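Given only the sequences and the hints, what does the whole structure look like? Please build it.
Chains as they are written, first to last, in the working numbering: chain X, 305 to 645; chain U, 252 to 580.
Don't read these hints as lab results, they were simulated from the structure. Computed from a prediction, not measured in an experiment: that's the story for all the values here. Don't be surprised by glycine CBs; every beta carbon is placed ideally from N, CA and C. Be aware that a few hints might be false.
As the list claims (entries may be wrong) - Straight-line distance between alpha carbons at most 25 angstroms, and here's what the computed BS3-like set of lysine-lysine pairs gives:
id : chain 1 : residue 1 : chain 2 : residue 2
1  : X       : K311      : X       : K349
2  : U       : K403      : X       : K439
3  : X       : K349      : U       : K385
4  : X       : K534      : U       : K329
5  : X       : K534      : U       : K273
6  : U       : K270      : X       : K505
7  : X       : K338      : X       : K502
8  : U       : K385      : X       : K514
9  : X       : K534      : U       : K402
10 : U       : K385      : X       : K502
11 : U       : K385      : X       : K439
12 : X       : K514      : U       : K403
13 : X       : K330      : X       : K383
14 : X       : K505      : U       : K385
15 : X       : K349      : U       : K402
16 : X       : K309      : X       : K478
17 : U       : K270      : X       : K349
18 : U       : K402      : X       : K439
19 : X       : K502      : U       : K263
20 : U       : K402      : X       : K514
21 : X       : K534      : U       : K263
22 : X       : K505      : U       : K402
Unchecked claim - Derived list of chain U stretches under chain X, where covered just means 3 residues or more per stretch with a C-beta under 8 angstroms from a C-beta of chain X:
id : stretch
23 : 290-298
24 : 478-486
25 : 503-517
26 : 532-544
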Amino acid sequence: MKIKKEKMLSLIDESRKTHVVYAPQKNGAVTNFKKVEDIKSIDLKTVRTATPAKEAVFPQTELIYKVESDKVHQADASKPAILFGVRPCDARGIQVLDNFFLARDRKDGGKQPFEDPYWKEKRDKTLIIAIACEKPLSTCACSSLGIHPASEAGSDILLVPEGDSYQLVVSTEKGKAFIEANKSMFEDGGDAKAAQEKVKKACESMMIFKLDTSKAGQYMKLYESPIWQKVSQGCISCGVCTFFCPTCHCFEMRDRKTGAVSCDRDKCWDSCHFTVYSLEASGHNPRPDVAARYRNKILDKYQYHMTLYGEIACTGCGRCSDLCPSGISLSETLKTLGGAL
Amino acid sequence: MMTEKTLAYFRKIVKEAIKSGKIAGFLGWREVADMPGKTRAFVATTPEEVDLLVFNSFSRENLSRLLGGKTFYIPELKKGQKFGVMVKGCDSRNLLANVAENKVDRDNLWVIGVKCPGTIDIDLVRSGLDSDIKNITDDGTTLHVEMLDGKKADLVKSDYYDPRCLRCPYTSALEVDELLPDDMPKKPTKNWEKWMESYLQKPFEERRAYIISQLSRCTMCFACRDACPGCYCNTNCIMDYPKLPEPYLQKGTSLASILTYHFIHYFHLSDRCTNCGECARACPESIPLNLITEQLGYMTKTTWDFEPGTSDKAKTPLALYKVEEVLGR
Ligand code: SF4
Ligand code: SF4
Ligand code: SF4
Ligand code: SF4
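Printed below as a string of structure tokens:
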């Protein structure tokens, strides 16, 4: 099945009547997912947004409830949403985050009976329309992580560019229902698998950044090693590599006073790279230095998540390396760690 | 970029210093194998490691931020031993400023400076290309770029300087123990004071609206604070205080919180900011924070005739008051 590119955009425009649509849009020198007010502002040329698409399901600051003197008001339920123009690495990121936020039996034998209702609510109501990447950035490494530039993992519908149309790969019931409801816009014909393969090959042939995943799950052996000092050299604990990572999920609750007897409770992103993240009330900090915090980040992605859910919590999007103000590359880190095993 | 000769000389003196035990290690830059156009901080502790040290147009990280405050890289020193560090002009000013504020013990350092030829804004280079960079080299006047799609481009280097370098008046590192020979190409300069005067002619409302429109995408990651060599409060930073009830001092991304944070950051840096540009460089959202720092620099200079980080003794104007200031009014 396929759809003409401009028809897809008018369908998105039409959908704004029933859905909140988030899509990449230019804002100053960067492109980020923002609510679409005008489809002309959608930017599908930029390969990777600065902030990952997780923002739409896991907002950086999310109101949970309001307190007014002795009353508590739950935040309003969210509206059905479409997350449009998501790159495969970000779509996969949202799938990885399900591990953490939803109930499941874990690989280590543990049970995870609770789910985060705020994640679940938004997740269920969000339709993810991904778009395959025709070209990579220097730090793109999705193909090292079991997905690829035209992967449908994590999306409800994947658009694969082919001439003036998109071939469609529909992976979920949610995706099917959306297509069914808008049948008249789509045409039959073409070979989605072939288009997918073509875009994948072309994009992969240009990639230069490789992440060595072969040793994932073994890094615990290096826990006490001085190697972490080496790989984290120059790190300033700024947290950019975690805030902007499509699989990072730490958050904290903040109460914000809004009046004499009222406050808002917000769920806000947090980062294990922040100095105060693990600071205890006693003054003791179990991760007192940059190396300990850097180690936690790497182990969380390439060790702990493996143990708990059997998957690496990294989609190879490349942001941690690209945006790091200290030039620290994940590829280099994994190579160095691998060499020490 | 240094000439082969200077690079060899630089590595030679560092190796000698390590071998003789004069220094415990040397903090400089090295290339990042898989990220073209980037370098990272690196501490060489053996003569072999010294061969990895470089200085080129991409050596942008301000190394003085690693010498004090929240990230300590100075290892334990034996009696009489020092720790070596390489500085550009801007790095040297931040170092001096921190020495003046007793945050770094200058006696522990052996500082090698360069006459900086300016650095290249690699993101600016990348933003103008159809395909991202596979490799980039610099011959002093031209950037030779090889792109991922196999195409090549030769770019005029002067179009891609980091804006902070264009305005930088102190390319030659200040008060160092050894200044490397001046054999590098000269960078162009922008008269930013003049530019600032014309910028300030714009109506206040217009400037305010612009800066707010840019700051509104701030994620409150505080990378601009962490990158700042002058921000050394460590875990005592007010933004890290866990449970402040004040409505605006919160991690959440309301515009009020964002503006409060930036106001606090730049107020604390108002007469201390050296305009090194690290905050703007670190910002993952590419927010033009330089508009704020340049204005601070301009005001500090025109109000007090003071340039932070030009001496290891001078106290910053807001840290002092003169009796006349109080009595005179
Ligand atoms: S982005 Fe770089 S400097 Fe910042 S915390 Fe991550 S590794 Fe450290
Ligand atoms: S600001 Fe000045 S000293 Fe710093 S890199 Fe630019 S030209 Fe060199
Ligand atoms: S305030 Fe900005 S320009 Fe000034 S020293 Fe800090 S990071 Fe550099
Ligand atoms: S680095 Fe940028 S996004 Fe992060 S807090 Fe500073 S201005 Fe905001």
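Results of checking the hints against the structure:
Between K311(X) and K349(X), the direct Cα distance comes to roughly 17 angstroms. Compliance with the 25 angstroms bound is thereby established for this hinted pair. Between K403(U) and K439(X), the direct Cα distance comes to roughly 16 angstroms. Compliance with the 25 angstroms bound is thereby established for this hinted pair. Of the supplied pair hints, the one linking K349(X) and K385(U) holds, its CA atoms being roughly 19 angstroms apart against a limit of 25 angstroms. Proposed proximity of K534(X) and K329(U) is supported: the alpha carbons are some 21 angstroms apart, at most 25 angstroms.
Our distance criterion of 25 angstroms between C-alpha atoms is met by K534(X) and K273(U), whose separation comes to about 22 angstroms. Of the pairs offered as hints, the one joining K270(U) and K505(X) is violated, with about 51 angstroms between alpha carbons and a cut-off of 25 angstroms exceeded. Proposed proximity of K338(X) and K502(X) is contradicted: the alpha carbons are some 30 angstroms apart, above 25 angstroms. Between K385(U) and K514(X) the CA atoms are separated by roughly 13 angstroms; this keeps the pair inside 25 angstroms, and the hint holds.
Between the alpha carbons of K534(X) and K402(U) the distance comes to roughly 36 angstroms, so the proposed pair goes past 25 angstroms and is violated. At roughly 22 angstroms between alpha-carbon atoms, K385(U) and K502(X) fall within 25 angstroms of each other, so this suggested pair holds. For the given pair, K385(U) sits about 13 angstroms from K439(X) by alpha-carbon distance, which is consistent with the 25 angstroms threshold. Among the hinted pairs, K514(X) with K403(U) is consistent with the structure: their alpha-carbon atoms are about 22 angstroms apart, no more than 25 angstroms.
Distance hint between K330(X) and K383(X) is fulfilled; the C-alpha atoms sit about 24 angstroms from each other, no more than 25 angstroms. For the proposed pair K505(X) and K385(U), the alpha carbon gap of about 18 angstroms is at most 25 angstroms, so the pair holds. The suggested pairing of K349(X) with K402(U) holds, with an alpha-carbon distance near 19 angstroms, which does not exceed 25 angstroms. Restraint check for K309(X) and K478(X): the C-alpha separation of about 21 angstroms stays at or below 25 angstroms, so the hint holds.
Our distance criterion of 25 angstroms between C-alpha atoms is broken by K270(U) and K349(X), whose separation comes to about 53 angstroms. Between K402(U) and K439(X) the alpha-carbon distance is near 13 angstroms, which keeps this suggested pair within the 25 angstroms criterion. Between the alpha carbons of K502(X) and K263(U) the distance comes to roughly 52 angstroms, so the proposed pair goes past 25 angstroms and is violated. The hinted pair formed by K402(U) and K514(X) meets the criterion: a straight-line CA distance of about 21 angstroms does not exceed 25 angstroms.
Note on K534(X) and K263(U): the hinted pairing holds, with a Cα-Cα distance of about 23 angstroms set against a maximum of 25 angstroms. Taken as a hint, the K505(X) and K402(U) pair is honoured in the structure, with Cα atoms around 18 angstroms apart against an allowance of 25 angstroms. Counting residues of the stretch 290-298 of chain U whose CB falls under 8 angstroms from any CB of chain X gives 5; the rule of at least 3 is met. Using a Cβ-Cβ cut-off of 8 angstroms, 3 residues of the stretch 478-486 of chain U lie near chain X, which meets the minimum of three, so the contact claim holds.
Check on the stretch 503-517 of chain U: 3 of its residues sit with their Cβ under 8 angstroms from a Cβ of chain X, so the three-residue criterion for coverage holds. Figure legend: the stretch 532-544 of chain U, annotated as covered by chain X; annotation consistent (7 residues with Cβ-Cβ distances under 8 angstroms, at least 3 required).
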